[in-house]
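Chemist: Starting from the known structure of chain C, arrange chain X on it as the hints suggest.
Keeping their order, the protein sequence lines are chains C and X. For what it's worth, this note's numbering labels the leading residue of the first sequence as 1, then goes sequentially. For what it's worth, this note's numbering labels the leading residue of the second sequence as 1, then goes sequentially.
Be aware that a few hints might be false.
It does not matter which identical chain is used: a pair holds within one copy or between any two.
Unchecked claim - Listed next, the in silico DSS-like pairs over lysine-lysine satisfying Cα-Cα at most 25 Å (straight line):
1. K336 x K172
2. K325 x K155
3. K325 x K172
4. K172 x K213
5. K258 x K231
6. K258 x K227
7. K155 x K313
8. K272 x K325
9. K363 x K325
10. K172 x K363
11. K272 x K300
12. K155 x K300
13. K336 x K325
14. K336 x K313
15. K178 x K363
16. K300 x K325
17. K300 x K336
18. K155 x K363
19. K132 x K363
Derived from the structure by calculation, the hints contain no laboratory data.
2 protein chains.
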Amino acid sequence: MADATDVAYMERALNLAVKGRGRTSPNPLVGAVIVKGRRIIGQGYHHAAGRDHAEVVAIKNARGGCRGATLYVTLEPCCHTGCTGPCTDAIAAAGIKRVVCAVKDPDPRVHGKGIRALRKSGIEVVGGVLRKQARALNEQFFGYHENGRPFIVLKCAQSLDGRIATASGDSKWITSTKSRRLTHRLRSEVDAVVVGSGTVRHDDPALTVRLVKGRNPYRIIVSSDMKLPRKCQLLRNNEDGRTVVAAACDANRQPLSKRETPIIFWRLRRTKNGLVDVADLVHQADNFGLRSMLVEGGAKLATSFVEAGLVDKFVIITAPIIIGKGVSAIGDLATKRLADAVQFERHSFDGSDHDCVFIGYPKGRG
Amino acid sequence: MADATDVAYMERALNLAVKGRGRTSPNPLVGAVIVKGRRIIGQGYHHAAGRDHAEVVAIKNARGGCRGATLYVTLEPCCHTGCTGPCTDAIAAAGIKRVVCAVKDPDPRVHGKGIRALRKSGIEVVGGVLRKQARALNEQFFGYHENGRPFIVLKCAQSLDGRIATASGDSKWITSTKSRRLTHRLRSEVDAVVVGSGTVRHDDPALTVRLVKGRNPYRIIVSSDMKLPRKCQLLRNNEDGRTVVAAACDANRQPLSKRETPIIFWRLRRTKNGLVDVADLVHQADNFGLRSMLVEGGAKLATSFVEAGLVDKFVIITAPIIIGKGVSAIGDLATKRLADAVQFERHSFDGSDHDCVFIGYPKGRG
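So here's chain C without its partners, still in its complex pose (with noise of 0.2 Å):
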């Protein structure tokens, strides 16, 4: 049984854990916290794919000795041998006598088989104290796990009217500094940028993290017909090898692999209406490693991973101001009735500052 002082430490833990933001991709966030009679003896997170896990920092980290304390975590312990040894052992080995966990580990290695091998090693388990916050935290790990497929956030930054660019095409900035903070911070958190070719000839964007502390995200341009300005940014600048073209045909594509650091080259499938096929695009980024993916315009790419029921999350951040006729931030979606609209599970909105922020998480469209 769990009670408030459970949730007090597991509250803990899952503050501890999003230290690790950023960093541990492929691996969740996960935080862990020691406690023997009345006080904390150690404490961890995971800092970065291929490190310790957060059970294992705790334990190393413990001052006089773990036998007889409680652990908690906000995620199943491993039972499996990764870059690490199996955390079920370490925590056995420790002398621990009681665990107490957040949640379930999605990952098929794991789920379930972590708490059954503490029970049979005389471990007393606890588990769901706080599952709901600890889900949210990994949200994109979860959503990979159960959805088989990169978790993958729609970010649109719009007028109060929805449009993301006047008729001309001005579109910098619509939002505020504080707001391009926001879209650097969700950057910094995916495994990769997504935009449209469209967005590459027009604003030439760098898809970097400068704004904010953080890593940067492999760069996904999507294009129909392989037209891409050769002094762009995301051509010219990949030092880390980190830009990939993702197109529809082959045609040119030689001077991607000519470079000094070459171009990744992804071929994709065309739908029937000769779209690029981004369901084929998200099963190739899948293969290639990627867990999550930010998709950040141009409207058609937006639109077509929309309409394909492809996002998991939309960040829509609104600014005041009222464009009129433009561009918008979501085209054709074939929506005859209300009922076919795109709604929301679960959605918040924040308009504490300048712009406001939209999160939302779809439901699944029938």
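Modeler: What follows is chain X alone, placed relative to chain C:
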């Protein structure tokens, strides 16, 4: 000099003033509190046009006589005879020795003359206490006197992507019941609601106040061609005689006057582009005695008002749905650069409920 005590009593007076909401036009909302020693001996507010002003209500209610007391009033007392006599005389006659008022009356018949009259009678006058709040309380009244025309509120109920209907015209209901209640409250606070004839043909609205308590405003249908469905609610249900047809032509005018309660008819000019001239509409509404109008749509009419720079306040209610291609809330404003977009002096986003409510006061457009 004003102090914290003065501010506290003025807050009370403002809270009283609000009670008259929706019933005082063309007069403003006004509240008054009379304090003697440290006790409130009288208080009141302006209940409705034609009734006693707040100061007089408070004096009549006062227990034990006002001699030597302080009067707190949210607007400069009037010094002219309208439906009722000058408040300045009543205040002096009651023996009040100090008047604290929030803001000068913008009505040119008063505007500072009330304060001068009080001072002439030997009364100490302190002004500007909670001025901003007092102005906001009567934004329609101040707007009317400062712009020399009715105060115009534009309301849209839209999807996240700025659509007010699907491409096939489905629009009921984009927003929540709570948001529709807000619309009814907005109606109850203005002298007239304005819609285009397309909205009448398509939605057949009643434009009455039903979801909240309140007075029904005038109902203005704007039409360029008088093609109105004879059986629409606005023409049929006109027992109160508050339906106005404002049209840019005379054809078929007869059916309006042949009714049991005749429909009011205004003939409007056209703009150079052949559209109904909304500036002329506002001019005629002004001559008719209307002090405030709520433009409820459709998109064409809303766009005309925005383009003409005739919107004083935007209320944009955004529901958490995405429609994609459909009917846009705002049409062509000929915005070439972002700098030409409608910007706001001040605004707020309130996302605390299911929908997000934006309220904004636009900057003048060069």
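Chemist: Evaluate each hint against the coordinates.
Modeler: Quick rundown of the hints versus the structure:
1. K336 x K172: Between copies only: 12 Å across chains, 33 Å inside a chain, cut-off 25 Å.
2. K325 x K155: both (21 Å within a copy, 18 Å between copies)
3. K325 x K172: Cα proximity of K325 and K172: in one copy and across copies (17 Å, 23 Å).
4. K172 x K213: Within one copy only: 23 Å inside, 45 Å across.
5. K258 x K231: Intra 14 Å, inter 73 Å, cutoff 25 Å: intra-copy only.
6. K258 x K227: within (17 Å within a copy, 67 Å between copies)
7. K155 x K313: within (9 Å within a copy, 29 Å between copies)
8. K272 x K325: between (30 Å within a copy, 20 Å between copies)
9. K363 x K325: For K363 and K325, only the inter-copy Cα distance (19 Å) is at most 25 Å; the intra-copy one is 29 Å.
10. K172 x K363: between (32 Å within a copy, 20 Å between copies)
11. K272 x K300: Classified as within: same-chain Cα gap 16 Å, cross-chain 36 Å, threshold 25 Å.
12. K155 x K300: Result: close within a single copy only, 13 Å intra versus 29 Å inter.
13. K336 x K325: Close inside one copy (21 Å) and across copies (10 Å); limit 25 Å.
14. K336 x K313: within (23 Å within a copy, 32 Å between copies)
15. K178 x K363: Answer is between: at 22 Å across copies they meet the 25 Å cutoff, but 29 Å inside does not.
16. K300 x K325: Intra 17 Å, inter 12 Å, cutoff 25 Å: intra and inter.
17. K300 x K336: Intra 19 Å, inter 21 Å, cutoff 25 Å: intra and inter.
18. K155 x K363: For K155 and K363, only the intra-copy Cα distance (17 Å) is at most 25 Å; the inter-copy one is 28 Å.
19. K132 x K363: For K132 and K363, only the intra-copy Cα distance (18 Å) is at most 25 Å; the inter-copy one is 44 Å.
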